Amino acid sequence: MTVLAAEPLLTPVYEYPESLTHVPTHYCPGCTHGVAHRLIAEVIDEMGIRQDTIGVASVGCSVFSYRYFATDFAQAAHGRAPAMATGVKRANPDKFVFTYQGDGDLASIGAAEILHAAVRGENITVFFVNNAIYGMTGGQMAPTTLPFQRTSSSPDGRDPATTGAPLRMSELLAQVDGTAYIARRSLHDVVQIRRAKKAIRRALEVQRQGIGLSMVELLSSCPTNWGLAPDAALKFIRDEMVPVFPLGDFKVPPEPEAGAQA
Amino acid sequence: MSTELLKGNVAFAEAAVRAGCEAYFGYPITPQTEALEHMAKRMPELGRVFVQAESEVAAINMVYGAAAAGVRTMTSSSSPGVSLMMEGLSYMAGSEVPAVLVDVMRGGPGLGNIAPAQGDYLQIVKGGGHGDYKMIVLAPANVQEMIDLTLLAFDLADRYRIVSVLLADGSLGQMMEGATLPPMRPLAERPAWALSGARDRDTNLVSSIHLDPEELARFNDHLQAKYAEIEANEVRFEEHRLDDARVGVVAFGTAARVAKTAIATVRDEGVAAGLLRPITLWPYPEAALRDLAERVDALLVVEMNAGQMVEDVRRVVEGRVPVRFFGRTGGVMPMPEEIADAIREVAGASAAAGAQQAQPQEVNA
Chain A
1 MTVLAAEPLL TPVYEYPESL THVPTHYCPG CTHGVAHRLI AEVIDEMGIR QDTIGVASVG
61 CSVFSYRYFA TDFAQAAHGR APAMATGVKR ANPDKFVFTY QGDGDLASIG AAEILHAAVR
121 GENITVFFVN NAIYGMTGGQ MAPTTLPFQR TSSSPDGRDP ATTGAPLRMS ELLAQVDGTA
181 YIARRSLHDV VQIRRAKKAI RRALEVQRQG IGLSMVELLS SCPTNWGLAP DAALKFIRDE
241 MVPVFPLGDF KVPPEPEAGA QA
Chain B
1 MSTELLKGNV AFAEAAVRAG CEAYFGYPIT PQTEALEHMA KRMPELGRVF VQAESEVAAI
61 NMVYGAAAAG VRTMTSSSSP GVSLMMEGLS YMAGSEVPAV LVDVMRGGPG LGNIAPAQGD
121 YLQIVKGGGH GDYKMIVLAP ANVQEMIDLT LLAFDLADRY RIVSVLLADG SLGQMMEGAT
181 LPPMRPLAER PAWALSGARD RDTNLVSSIH LDPEELARFN DHLQAKYAEI EANEVRFEEH
241 RLDDARVGVV AFGTAARVAK TAIATVRDEG VAAGLLRPIT LWPYPEAALR DLAERVDALL
301 VVEMNAGQMV EDVRRVVEGR VPVRFFGRTG GVMPMPEEIA DAIREVAGAS AAAGAQQAQP
361 QEVNA
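Protein sequences appear in the order of chains A and B. The numbering of the first sequence is the numbering used here, which starts it at 1 and goes up by one. The numbering of the second sequence is the numbering used here, which starts it at 1 and goes up by one.
One thing to keep in mind: the hints can contain errors.
Chain B is nowhere near these chain A residues, computed Cβ spacing over 12 Å in every case [stated by the list, open to error]:
1. TYR16
2. CYS28
3. GLY227
4. PRO253
For each label pair, taking beta carbons as the anchor points, the in silico distance ranges come out as [unchecked claim]:
5. A:HIS26 / B:ARG190: 29 to 39 Å
6. B:GLU214 / A:PRO230: 29 to 39 Å
7. B:ALA217 / A:THR137: 15 to 25 Å
8. A:ASP249 / B:HIS222: 46 to 56 Å
9. B:ASP202 / A:PRO155: 39 to 49 Å
10. A:VAL252 / B:ALA228: 52 to 62 Å
Coverage of chain A stretches by chain B, computed from C-beta distances (three or more under 8 Å per stretch; other residues unrestricted) [stated by the list, open to error]:
11. 43-53
12. 73-79
13. 82-88
14. 112-123
The set of hints was computed from the structure by calculation and includes no laboratory data. Source: prediction; values computed, not measured. Don't be surprised by glycine CBs; every beta carbon is placed ideally from N, CA and C.
Isolated chain A, as found in the complex (with noise of 0.2 Å):
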């Protein structure tokens, strides 16, 4: 038997992000929480302010989500986050403050929370995981559930004639003059998930600038709730989400002029 040398063989390039904790999480095996987590937690690390950020959880799966980051967090009443978030960043101005919140959450229960904080410019960070679907209350349709889906609660499909069309949430509050950047993403494959933590990034960013809200939407998958394996759930997303709620910047705000960042 041979014996493997006891120094480092390898420098590390791919390690635990301090911004999350060593807690287990409860998402089901091949939901994109878990890397839309990690992908925040890096940025978070990337940009050193992991004791400067308070995350507000919000109600449906990601209601645990406080347990995974190491930072500050409060738990919001369902739909609320964006409103519980303001009070915590008006009393933490100097704070980076953001809330994690599904699409039954954003979309629905807490469309008016979510559009007037938009109103508002709130400088916080709306991290808004779309897999359109209820998740945690075993698949229900959502605000952004797609045209002919079928769910727990549209057992047939969703009709579009009684239940209207999917809520295009970025499209929307782009439209709001207290935005400062909107952008879609999607986690179903590698090219996209390294674009989804560019575009994480570049919302911290912008919360730093204080220049209004900014939010990332991320298509996420729901292979439990879908009744599709991981793999299949991840080709849904591409060949059916992303179709419907397509990717890219809705909104971005104005280049820094040359020579501001030094």
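Knowing the structure of chain A, use the given hints to seat chain B on it.
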């Protein structure tokens, strides 16, 4: 400090400023809007936070956020707006953050009207939101008490990490009378549990979730123990002309103020009536009421509602003496003469009952 002519809504808002309120969140609603308007001017002047929220739902959740961040914070509203805050109040109780709410009650149910009423007693004193929780409830009866009890509300909220409610009504909010404001207090240090960024310390969490039932049961035990401590230490009430009273009137806030006039009237006629005025509606002055029930022939509860606090009076008195009720609903202020009539009726009934009881004893003698 000098006496000023102050409107109730302005008085409590300025009292909050001087108590060190660093963040106010509110939504316009009659009859409390002057408070929001006062804060809109005063808070920015002092470099403090004022936000006009998109709804009372948002306002209370903004208060929740600022409270979680450890600053003195408040909102004010009136009955229909306060109904919208019940969700947030339950969460705040469940995460033990301190804050102050002022409810300038108006006539209900529904949109009702904008006239003074006391129809939110059960909602505020017994809960309103979901789950087992309490809020400290303070009932002012004049503009000076709008000021004094607002200061007390902040102090008690901080001391017990609880929501304190100033339960006023439209007449107290709208009336002007002479009152004295306190000097400006320095801002308090933020508590160790507050959310401020985990710099050189472990992370803080403000949450009301306890998924494990046994864990949630232990948390509820902790809340109940805290509530018992408040019940033991924070009861406040006023006794007025009760020394020789045969009829005890029990009333709070504006109703108590009107009742005092009625008591003066019937006293002139020789009817020995007095007033027990709970200032804390929770914790309720149970011992004082029980003691009073041992001394009087009957109790008359007067409220500007269809009979809400009277449930507490009957609960505490446990049948020791008859408990009668006189109330006006709809935002109608009771007139002193109406209450005087009710006192006379109660006094007459107890005198007649006393005579009936006394007769058989004389026969036996």
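How the hints compare with the structure:
1. Listed as outside the interface, A:TYR16 is consistent with that label: its C-beta sits roughly 16 Å from the nearest C-beta of chain B, beyond the 12 Å cut-off.
2. Every beta carbon of chain B lies more than 12 Å from that of A:CYS28, the smallest distance being close to 17 Å; the non-interface claim holds.
3. Residue-level check passed: A:GLY227 sits 26 Å from the nearest beta carbon of chain B, beyond 12 Å.
4. The beta carbon of A:PRO253 sits about 23 Å from the closest Cβ of chain B, which is more than 12 Å, so the claim that it is off the interface holds.
5. Between A:HIS26 and B:ARG190 the C-beta distance comes to about 32 Å, which sits within the given range of 29 to 39 Å.
6. The hint said 29 to 39 Å for the Cβ distance between B:GLU214 and A:PRO230, and at roughly 34 Å that hint holds.
7. At about 24 Å, the beta-carbon gap between B:ALA217 and A:THR137 stays in the expected band of 15 to 25 Å.
8. Checking the proposed 46 to 56 Å range against A:ASP249 and B:HIS222 shows it holds: the Cβ atoms sit about 48 Å from each other.
9. Look at B:ASP202 against A:PRO155: about 47 Å separates their beta carbons, and that is inside 39 to 49 Å.
10. Remark: the range hint 52 to 62 Å for A:VAL252 to B:ALA228 is upheld by a beta-carbon distance near 56 Å.
11. With 4 residues having a Cβ less than 8 Å from any Cβ of chain B, the stretch 43-53 of chain A passes the three-residue criterion, so the hint holds.
12. With a cut-off of 8 Å between beta carbons, the stretch 73-79 of chain A has 5 residues touching chain B; three or more are needed, and the interface restraint holds.
13. By the rule of at least three residues with a Cβ nearer than 8 Å to a Cβ of chain B, the coverage given for the stretch 82-88 of chain A holds, with 6 such residues.
14. Only residues whose beta carbon comes within less than 8 Å of a beta carbon in chain B count, and the stretch 112-123 of chain A has 6; three or more means the coverage holds.
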